[in-house]
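2 protein chains.
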Amino acid sequence: MSNTLRPKSEYRCFDGTVAYYSHYSASCDCEMSFAVYLPPQAQLKSVPILYYLSGLTCTEENFMTKAGAQQYAAELGIMLVAPDTSPRNTGIPGEDESWDLGSGAGFYVDATVKPWQKHYQMYTYITKELPALIIQNFPVQADKQSIFGHSMGGHGALICALKNPEQYLSVSAFAPIAAPINCPWGDKLFTAYLGEDKSKWAEYDATKLIEQTQLKSTIMIDQGTEDTFYQQKQLLPENFATASKKANQKLNLRWQTGYDHSYFMISSFIKDHMEHHSIYLNN
Amino acid sequence: MSNTLRPKSEYRCFDGTVAYYSHYSASCDCEMSFAVYLPPQAQLKSVPILYYLSGLTCTEENFMTKAGAQQYAAELGIMLVAPDTSPRNTGIPGEDESWDLGSGAGFYVDATVKPWQKHYQMYTYITKELPALIIQNFPVQADKQSIFGHSMGGHGALICALKNPEQYLSVSAFAPIAAPINCPWGDKLFTAYLGEDKSKWAEYDATKLIEQTQLKSTIMIDQGTEDTFYQQKQLLPENFATASKKANQKLNLRWQTGYDHSYFMISSFIKDHMEHHSIYLNN
Numbered sequence: 001m002s003n004t005l006r007p008k009s010e011y012r013c014f015d016g017t018v019a020y021y022s023h024y025s026a027s028c029d030c031e032m033s034f035a036v037y038l039p040p041q042a043q044l045k046s047v048p049i050l051y052y053l054s055g056l057t058c059t060e061e062n063f064m065t066k067a068g069a070q071q072y073a074a075e076l077g078i079m080l081v082a083p084d085t086s087p088r089n090t091g092i093p094g095e096d097e098s099w100d101l102g103s104g105a106g107f108y109v110d111a112t113v114k115p116w117q118k119h120y121q122m123y124t125y126i127t128k129e130l131p132a133l134i135i136q137n138f139p140v141q142a143d144k145q146s147i148f149g150h151s152m153g154g155h156g157a158l159i160c161a162l163k164n165p166e167q168y169l170s171v172s173a174f175a176p177i178a179a180p181i182n183c184p185w186g187d188k189l190f191t192a193y194l195g196e197d198k199s200k201w202a203e204y205d206a207t208k209l210i211e212q213t214q215l216k217s218t219i220m221i222d223q224g225t226e227d228t229f230y231q232q233k234q235l236l237p238e239n240f241a242t243a244s245k246k247a248n249q250k251l252n253l254r255w256q257t258g259y260d261h262s263y264f265m266i267s268s269f270i271k272d273h274m275e276h277h278s279i280y281l282n283n
Numbered sequence: 001m002s003n004t005l006r007p008k009s010e011y012r013c014f015d016g017t018v019a020y021y022s023h024y025s026a027s028c029d030c031e032m033s034f035a036v037y038l039p040p041q042a043q044l045k046s047v048p049i050l051y052y053l054s055g056l057t058c059t060e061e062n063f064m065t066k067a068g069a070q071q072y073a074a075e076l077g078i079m080l081v082a083p084d085t086s087p088r089n090t091g092i093p094g095e096d097e098s099w100d101l102g103s104g105a106g107f108y109v110d111a112t113v114k115p116w117q118k119h120y121q122m123y124t125y126i127t128k129e130l131p132a133l134i135i136q137n138f139p140v141q142a143d144k145q146s147i148f149g150h151s152m153g154g155h156g157a158l159i160c161a162l163k164n165p166e167q168y169l170s171v172s173a174f175a176p177i178a179a180p181i182n183c184p185w186g187d188k189l190f191t192a193y194l195g196e197d198k199s200k201w202a203e204y205d206a207t208k209l210i211e212q213t214q215l216k217s218t219i220m221i222d223q224g225t226e227d228t229f230y231q232q233k234q235l236l237p238e239n240f241a242t243a244s245k246k247a248n249q250k251l252n253l254r255w256q257t258g259y260d261h262s263y264f265m266i267s268s269f270i271k272d273h274m275e276h277h278s279i280y281l282n283n
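If you're matching them up, the sequences are chains F and P in order.
Read in the UniProt record's numbering, the first sequence has 88 at position 88, and its numbers run on one by one without any break.
Read in the UniProt record's numbering, the second sequence has 76 at position 76, and its numbers run on one by one without any break.
Hints are computed from structural coordinates only; laboratory data are not their basis.
Be aware that one or more of the hints could be misleading.
A pair counts as met if it fits within one copy or between any two copies, since identical chains are not told apart.
[Claimed, not checked] Each computed SDA-like pair below joins lysine to any residue, with the alpha-carbon atoms no more than 25 Å apart:
(1) K271 <-> R12
(2) K128 <-> A42
(3) K66 <-> L76
(4) K245 <-> E10
(5) K114 <-> R6
(6) K8 <-> A202
From a predicted model like this one, the values you see are computed outputs, not experimental measurements.
Please work from the sequences and hints to get the whole structure.
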């Protein structure tokens, strides 16, 4: 039950360090894993923190191996933290049966109904437990935190920022599930984790949240025009854009012609996102 | 038996295109796969070609998803071609039994002994059949070809360049198996593919080849100091350096402090390698 980090592996990268850890999570009541990139600047001083939340089926590895963010984190002196996308090996019946529910699909909410509620407390884990752990264990500036993510994790980043406008200085997303209460993924996951009563879903829906809370920073979103999940109406960035406009939220929604939902899209625009966050983290 | 390319998938990346293909290979007498990156410049004109040969266990995917080369290929207007590392599903007994022999371990030689010689003709595939296929199917400058690679593929790149000094304008390698006749991997693979008679091995050993052939271009090699395979004497870059010096071959062997054998090392120095090849490909 201790907060001890268990190092799993470590790699030199752009003169900084990629490292993988696991630890017992009190909020999820199970072992959780995350990856970090410590830029070279962290050897001399404390650095700002940028959290990255991954999409469905991902682990803490995908972003570190595929996005190409380390070179910009090294240039800008920013620590990256990429957690796993769900509890795993919890023993919950059916946790590994579906690629878009259970393992790899935590959706960054605190589950309230059985059987998920005992372990699937990802919102608390991401916004409270993990930041406390990072601040305790690494040379970071606790008051300089931002967050971004992809798909399910793009939505996770939006809700974490909108529900904690003082905690995160900026937020951005690649192809986020922008209005989950109106798409099939949201319907499946919210029903499982939050129950049938749809009135409970709004507190985890970015498009609903933006009606109540606006951020001082500009929200940046990249959406590929050839993204099949966009075409299947799983992402609905227009809903978020309309709600943002109505609420006077500054939003930079960029349509990326020809790009799909893959890490090839993310790597193509990661530089812009890193520079976006650096404006807020390094000022 | 035709030369038809079968497209498998395609992704927009840095305004160019990552694409995966398979095709029947006459030299390997089986279906082979490769990946390409076509930079945006290829929409308007023919571009130079840079081949990348991967290491043990890799497929045509690892380099495209992990190395971060596309951004520099897009900047420099260079096509990338990353072939699979061996024939697969050939039915050769034991092809999938060992991670460092058979599938994923073609070693870029033409096998001369049973049971491998029927399909494991990787040297001919890489230096003749694949270039002909690329020239036939893509907007490229046939007289502008270079080659690089990692580990087993770093060695593959060195032998391809040293045995064909007119075909490849430049060569570089990340942590190559630089003197295979003197390391355990080479011993195992050459015995299997070339037979017990060690006098036959020299024609596929970069350190032996450099005694006979020197290149006009500078050979560039990056080697991490914390690479466990280096420490286990599988790589032996010093042997290659000594032979190069003796032969008056220009060699830029860079010791990268703290780096290991992973793609985190490759991605950290890919920019330097791309710029190295651009000097020869874009002049």
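Right, here's what the structure says about each hint:
| no. | hint | verdict |
| --- | --- | --- |
| 1 | K271 <-> R12 | both (20 Å within a copy, 16 Å between copies) |
| 2 | K128 <-> A42 | within (22 Å within a copy, 48 Å between copies) |
| 3 | K66 <-> L76 | both (19 Å within a copy, 21 Å between copies) |
| 4 | K245 <-> E10 | neither (44 Å within a copy, 35 Å between copies) |
| 5 | K114 <-> R6 | neither (30 Å within a copy, 48 Å between copies) |
| 6 | K8 <-> A202 | neither (38 Å within a copy, 40 Å between copies) |
Checked against the numbered hints above, the structure breaks hints 4, 5, 6 and satisfies the rest.
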